[in-house]
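Student: Chain order of the listed sequences is A and B. The working numbering applies: residue 843 is where the first sequence begins, and numbers increase by one. The working numbering applies: residue 15 is where the second sequence begins, and numbers increase by one.
Hints may contain errors.
[To be verified] So the derived list for chain A, only partly shown, Cβ under 7 Å to chain B, looks like this:
id	residue
1	A1023
2	A1025
3	N1026
4	D1030
5	L1042
[To be verified] Chain A regions said to be covered by chain B (calculated; three or more residues, Cβ under 8 Å):
id	segment
6	1008-1021
7	1031-1040
Worth flagging that the hints you see were computed from the coordinates, not collected in a lab. We put the beta carbon where it would ideally sit given N, CA and C, even for glycine.
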Amino acid sequence: MSKLPPYATTGQRVWYYAFRVICGLIFFFLIAPIVVVIPLSFNAQDFFTFTPEMLRLDPDGYSLKHYRDFLTSPDWQQALWNSVTIAPVATLLSVGFGTLAAIGLSQPHVPFRRAIMAILISPMIVPLIISATGMFFFYARFGLQGTYIGVVLAHAALGIPFVIITVTATLVGFDRSLTRAAANMGADPVTTFFRVQMPLILPGVISGGLFAFITSFDEVVVVLFVGSAGQKTLPWQMFLGLREQISPTILAVATILVAISIVLLTTVELLRRRSERLRGLSPG
Amino acid sequence: MAETASNDGFVVFDRVQKSYDGVNLVVKDLNLSVGRGEFLTMLGPSGSGKTTCLMMLAGFETATHGDILLGGNPINNIPPHKRGIGMVFQNYALFPHMTVAENLAFPLEVRKMGKSVREEKVKRALDMVQMGEFGGRRPAQLSGGQQQRIALARALVFEPELVLMDEPLGALDKQLREHMQFEITRLAHELGITTVYVTHDQTEALTMSDNVAVFDDGRIQQLAPPADLYEKPENSFVAQFIGENNTLEGVVTEMKGDICTVQLDDGEILDATPVNVSKVGERTKVSIRPERVEFSKDRLQEGAHLLKAEVKEFIYMGDVFRTRLKVAGNDEFVIKSRNAPDQVRLEPGNQIEIGWLPEDCRALDA
């Protein structure tokens, strides 16, 4: 939003400032709950509230003990390890299948495109608890229930819709004559895909992959159903922590997760800008 | 249909039909032969099937019926990437994520050529279109005309024997377009490549081609060198589509060898060359080019037929005068005269007599 033009009416002036206030309120509403968690995670006591020492900004009121707890407790370490091994593999599967599905479904000659698209996206729309129950019974039948592969597959299914949506959006702007040009110059379909199409839809693939990763990393309902104690992920452990012992370690973990998310988002945004520059969409 | 000059048939369409929906034929029974080294233009209004033909030749569409042959071999079952045909696309289709040099090297890379060979060929191709300095730029940093040159260089860099061009100059301004027309024909002849060029711009077709195939309604209406196409149109569609044309309607009253007599609808009688009328009593459209009509007595040649006309409008166009007349009930009859020192400038309301030679006046289908 640019500066107010000199001919702005009173109404426009009021709206100009009101708009900023509304935006500020929305940001506050979205961010405040997350921001509150961060100082609480440095609590020296085992409480979920601000102690009088903390409010006085007394250094004795703060400590890193909950972070220490997270880093030393075998329960948390196992959960972290599980999350770290499940999420990337699930993301890889989501990105692979989601990208292929998006490319296939963007071909105008594919029959029942809309119906297929709706089915593939349904995990995002159907209430999670329903997907989770369904997967539980389905995976039990194949002996996948309670296995690492089962959880990875379940999370991949949850991540695919995000990849399909972001890649489909990038494909809308994709000029089909580019693949024709590549074929015309002698490139077979596989070369054409990796040399021409993939670099150009990469921004969509990356952001889809990011969403898929976060989905798996945050997910608690499906893993509770499909996984067993051996696949206890970070969110699961946090959920347990909330139920059984209300320990601020959860807040420490939450803070770490927020930090990871910020780093991921920043990296992806930088990558996306670089790729747009490479595509020649913005000046170098 | 006129036969082409060089007829060894490097590219041959043999009874080709194409339908997208299985009901309507977009291309109906196409027979065409393009000689090696020939510059053939497919000209026609949009929806006439010309682009579909080009796409079938490139391999992006399959023919519903018939054979397409390249160098004597049928190519119906060869995928586009194995045909080795160069192509310039309407929107250039340069890869935006690669530099100009990388774009040009792409067809060489997929052919597994070594780095030094690639670099040399890319440099030569860029120099050929006078873009030697621009190898490191990205397509988005180039103007439309420059992108067009790069697209041309990219289609030629792997030395294909056949190059297809799909309205490549459509997006350029008039001056640049004229310059590129010249440039493309020069390159095509210098390199001796066979070119199939699609356009809806008749000036482009006339100035660039060895032969022009005029498309309408999924058929070739006429295949001829530019001069024949303009001066000897074989049917009224071609006469109307190429250049400016005057049409008078009437009925054939007499056939005498290579001259027929036509009675126009208002009773006027004139002589014409029968082109596709065969018998007395047939309706016909008589076609005369505006610049072949004369109105000054001393310029009218012996044997010219005279008709009364009334001047409706006089337009000064610089190099020529364009005068609109009412002739035999048709008030859209246009004549063009050169802006010469002794040229008469007609004024609206003048009653004049106009004439032409019977061979310039062609009796076509109604």
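Student: Which hints from the list above does the structure break, by number from lowest to highest?
Tutor: The structure breaks none of the hints.
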